[in-house]
Amino acid sequence: MLLSLVLHTYSMRYLLPSVVLLGTAPTYVLAWGVWRLLSAFLPSRFYQALDDRLYCVYQSMVLFFFENYTGVQAPEMKTQIRMCCLEILEYCVCV
Numbered sequence: 239m240l241l242s243l244v245l246h247t248y249s250m251r252y253l254l255p256s257v258v259l260l261g262t263a264p265t266y267v268l269a270w271g272v273w274r275l276l277s278a279f280l281p282s283r284f285y286q287a288l289d290d291r292l293y294c295v296y297q298s299m300v301l302f303f304f305e306n307y308t309g310v311q312a313p314e315m316k317t318q319i320r321m322c323c324l325e326i327l328e329y330c331v332c333v
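Mind the numbering: the sequence shown is residues 239 to 333 in the working numbering, read in order.
Hint data in this document are derived by calculation from the structure and do not stem from the laboratory.
Being a predicted model, the structure only gives us computed values, none of them experimental.
Cβ atoms here follow ideal geometry from the backbone N, Cα and C, with glycine treated the same way.
Careful: at least some of the hints might be erroneous.
Said to hold, decoys possible - With beta-carbon atoms standing in for the labels, derived distance ranges:
id, residue 1, residue 2, range
1, P313, Y285, 28 to 34 Å
2, F284, P255, 30 to 36 Å
3, R274, L254, 27 to 33 Å
4, Y252, L275, 34 to 40 Å
5, S242, G271, 43 to 49 Å
6, S242, T265, 33 to 39 Å
7, F284, H246, 47 to 53 Å
With the sequences and hints as input, model every part of the structure.
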C-alpha cells in the first residue's frame, strides 16, 4: 500500500512545479497591476524601476525553485539575472 502511494507520488512529480509557479504568478500579476495603477500619475522612471525589480524577483524565484527541485545548479543563469538587476538599478539611479 505504501509502496504504491510512493510510486504514484513519483509519477506526479511534474505536477509540483506547475502548481507552485501557477500559484505564485497571480500574486505577481496582481502586484504588477496595482503598481501600474498607482504609478499612472508618477513619472515613468518610477514605474519602470519597480516593474524591472518585480521581473528580477520573479525570475530569481523561478530559478531558485527549479535549482532546488531538479538538483541542478545554473551559475551562469544566476550571473545573468544578477547582472540584469544591477543594470536596472544603475539605470534607475542615473535617470
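Consistency of the hints with the structure:
no.: 1; hint: P313 to Y285: 28 to 34 Å; result: holds (32 Å)
no.: 2; hint: F284 to P255: 30 to 36 Å; result: holds (33 Å)
no.: 3; hint: R274 to L254: 27 to 33 Å; result: holds (31 Å)
no.: 4; hint: Y252 to L275: 34 to 40 Å; result: holds (36 Å)
no.: 5; hint: S242 to G271: 43 to 49 Å; result: holds (44 Å)
no.: 6; hint: S242 to T265: 33 to 39 Å; result: holds (35 Å)
no.: 7; hint: F284 to H246: 47 to 53 Å; result: holds (50 Å)
When held up to the earlier numbered hints, the structure conflicts with none and fits them all.
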